[in-house]
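Engineer: These are the residues of each chain, in order.
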Amino acid sequence: MIVRILGEGQYSVPDGQRGALEKLDSAIVEAVDSDDETAFAAALAALTAAVREAGEPLAEDTFAPSDLVVPFPDSTLEETKGLLAEADDATGTDNR
Amino acid sequence: MSVMKRLSGIVQAKTNKLLDKAEDPRESLDLSYQKQLESLQKVRRSVADVTTAKKRIELQASQLQQQADKLQQQAKAALTQGNEDLAREALGRRTALAEQLGELQTQHEQVAGQEEKLILTAQKLQAQVDSFRTKKETLKASYTAAEAQTKIGEAVSGISESMSDAGMSMQRAQDKIDGMQARAGAMDELLASGALTDLTNPVDDIQAQLNKASTTSTVDAELAALKAEVGAGAAPAAELGSAGPSAAERGSTEPGSPAS
Numbered sequence: 001m002i003v004r005i006l007g008e009g010q011y012s013v014p015d016g017q018r019g020a021l022e023k024l025d026s027a028i029v030e031a032v033d034s035d036d037e038t039a040f041a042a043a044l045a046a047l048t049a050a051v052r053e054a055g056e057p058l059a060e061d062t063f064a065p066s067d068l069v070v071p072f073p074d075s076t077l078e079e080t081k082g083l084l085a086e087a088d089d090a091t092g093t094d095n096r
Numbered sequence: 001m002s003v004m005k006r007l008s009g010i011v012q013a014k015t016n017k018l019l020d021k022a023e024d025p026r027e028s029l030d031l032s033y034q035k036q037l038e039s040l041q042k043v044r045r046s047v048a049d050v051t052t053a054k055k056r057i058e059l060q061a062s063q064l065q066q067q068a069d070k071l072q073q074q075a076k077a078a079l080t081q082g083n084e085d086l087a088r089e090a091l092g093r094r095t096a097l098a099e100q101l102g103e104l105q106t107q108h109e110q111v112a113g114q115e116e117k118l119i120l121t122a123q124k125l126q127a128q129v130d131s132f133r134t135k136k137e138t139l140k141a142s143y144t145a146a147e148a149q150t151k152i153g154e155a156v157s158g159i160s161e162s163m164s165d166a167g168m169s170m171q172r173a174q175d176k177i178d179g180m181q182a183r184a185g186a187m188d189e190l191l192a193s194g195a196l197t198d199l200t201n202p203v204d205d206i207q208a209q210l211n212k213a214s215t216t217s218t219v220d221a222e223l224a225a226l227k228a229e230v231g232a233g234a235a236p237a238a239e240l241g242s243a244g245p246s247a248a249e250r251g252s253t254e255p256g257s258p259a260s
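So the protein sequences, as listed, match chains A and B. Take 1 as the starting number for the first sequence in this note's numbering and just add one per residue. Take 1 as the starting number for the second sequence in this note's numbering and just add one per residue.
No lab work stands behind these hints: they were computed from the structure. Relax, there's no trap hidden among the hints.
30 Å max Cα-Cα, derived DSBU-like pairs, lysine-lysine:
1. Lys-5/B <-> Lys-81/A
2. Lys-124/B <-> Lys-54/B
3. Lys-81/A <-> Lys-54/B
4. Lys-35/B <-> Lys-54/B
5. Lys-23/A <-> Lys-14/B
Quantities reported herein were computed from a predicted structural model and do not represent experimental measurements.
Make a model of the complete structure from these sequences and hints.
Structural biologist: Okay, structure coming up:
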């Protein structure tokens, strides 16, 4: 699968890693839900590190849409909340 | 719901907007390429904006630094004159400037960080646009092949996603810079209004006091020297006295001359 880290680029990550990434992702969701800036920063750092470690940067001449998108590595909790709200709006509009 | 999936949703929504316009897949390649060139231009302009913001902060910092250095020297001069209160005043103002300098330093680091990121974004986008230019011709040439349409779709969504990402990165940098631009504007106004520059006027109030003290002490010194001369006794007094008669002689001749 292809994972994009916003502001950084795309990685090709083995499908077997999906479970591990989703687990790290749920730590971010938890931090966002509980408004915990410290936990958020730690969870985001863990997720970006895991993608970089498990994935191979996508070659420059490969153009493909991503399956998953990771927030900007230096995002704040507030910023990510904004992006997620925007995302929910966008997908909400699409579903209607 | 997963953060990664929700974000993938927003990136795709942005990407779809870009693609909706094209009907023929081949047309979408060219349309997409046009969009890429525009995106690249925008990112480059954004880099230029950030560089300008950085230079502005550097200029302000150097102006404040000059003022701080001057106040330091004035404090020293005041101490030399034995005026501790004035030295304290100068150092107090210097401390206030140092705080502002510290803030500017932080802003400078932030702007430099954004600049670095944007330059990287521009470089990556440039490399991708270059590759895409080649790729789109290959894809057009092989368009008759059955899977070409899917491939074109993928390539176009892929590059569009990169453009959305670059656009988001740019917006993010811009948002951060905007706040700083407002502060930089306020600082420019402060510098222009004289609230800060009063201190750097050729003769500011501290300098005026220093000059006054220096004038006073020069006058005092000259006065003391004069007193010493006058008080020293007969010799100078005699000199003055001896000058008297000669003047008196001249005085006596002059009134005489019109008479003669």
